[in-house]
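Q: Here's the letter readout for the chains.
Number of protein chains: 2
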Amino acid sequence: VSPRPPRLSDDELAAALPALAAWTHADGRLHRRIERPSFVEAFALMTSIALVAERLDHHPDWSNAWNVVEITLTTHSAGGLTALDLELARRIDELAG
Amino acid sequence: VSPRPPRLSDDELAAALPALAAWTHADGRLHRRIERPSFVEAFALMTSIALVAERLDHHPDWSNAWNVVEITLTTHSAGGLTALDLELARRIDELAG
Numbered sequence: 154v155s156p157r158p159p160r161l162s163d164d165e166l167a168a169a170l171p172a173l174a175a176w177t178h179a180d181g182r183l184h185r186r187i188e189r190p191s192f193v194e195a196f197a198l199m200t201s202i203a204l205v206a207e208r209l210d211h212h213p214d215w216s217n218a219w220n221v222v223e224i225t226l227t228t229h230s231a232g233g234l235t236a237l238d239l240e241l242a243r244r245i246d247e248l249a250g
Numbered sequence: 154v155s156p157r158p159p160r161l162s163d164d165e166l167a168a169a170l171p172a173l174a175a176w177t178h179a180d181g182r183l184h185r186r187i188e189r190p191s192f193v194e195a196f197a198l199m200t201s202i203a204l205v206a207e208r209l210d211h212h213p214d215w216s217n218a219w220n221v222v223e224i225t226l227t228t229h230s231a232g233g234l235t236a237l238d239l240e241l242a243r244r245i246d247e248l249a250g
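As they're listed, the protein sequences go chains A and B. Taking our numbering as reference, the numbering of the first sequence is continuous, increasing by one, and the terminal residue is 250. Taking our numbering as reference, the numbering of the second sequence is continuous, increasing by one, and the terminal residue is 250.
There could be a bad hint or two in this list.
To be verified - Residues from chain A that face chain B, not an exhaustive set, calculated with beta carbons under 7 Å:
#1 F192
#2 H211
#3 S216
Just so you know, these hints were derived from the structure itself, not from any lab. Just so it is clear, the structure is predicted and the values come from calculations on it, not from any experiment. Quick reminder that beta carbons are idealized off the backbone N, C-alpha and C, glycines included.
The following block holds chain A by itself, in its conformation from the complex (with noise of 0.2 Å):
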């Protein structure tokens, strides 16, 4: 297991934020809703970005409903955003595409 990389500050957040426009930011956290046509396909790109998710050894919290999917990032040792959710956030965004 790799070290946790540190939290964010203000000027990193703001300078990464703009490229994650499919993503709310408040509370130190990234939120991202995701719609599909389909339970079926809802569960497809779970499996997926958990994946990728193992892959980085960083995981999300979320929840689904059907075809809907909410996703959560955080790093909760560093108490708030750190690279991990960045880089997890992108490669969701690839995914859902």
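Since the structure of chain A is provided, determine the placement of chain B on it from the hints.
A: Chain B alone, transformed into the frame defined by chain A:
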């Protein structure tokens, strides 16, 4: 798609709930929290539940945070619990061991 079953009567619920001891019942919903040793094992369980849910054409409202899966069952179209929720709860119990 088969017709949705009707909401269970209080008597039907009272007869069914003792066999679902891992679930709490409130406000027309069943809830179970399942903890696993890791994210991999938690998500593996979710994957097996997803396949069963799709087969039943009845899906959970659920969330995951690392090794914890929280599951809520209800039948939105019936405004409460139906035989489908009982069946899905039983299948989840089998999968969760």
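Q: Now look at each hint and say whether the structure bears it out.
A: Hints versus structure:
{"no.": "1", "hint": "F192", "result": "holds (5 Å)"}
{"no.": "2", "hint": "H211", "result": "violated (10 Å)"}
{"no.": "3", "hint": "S216", "result": "holds (4 Å)"}
Consistency with the previously given hints fails for number 2 only.
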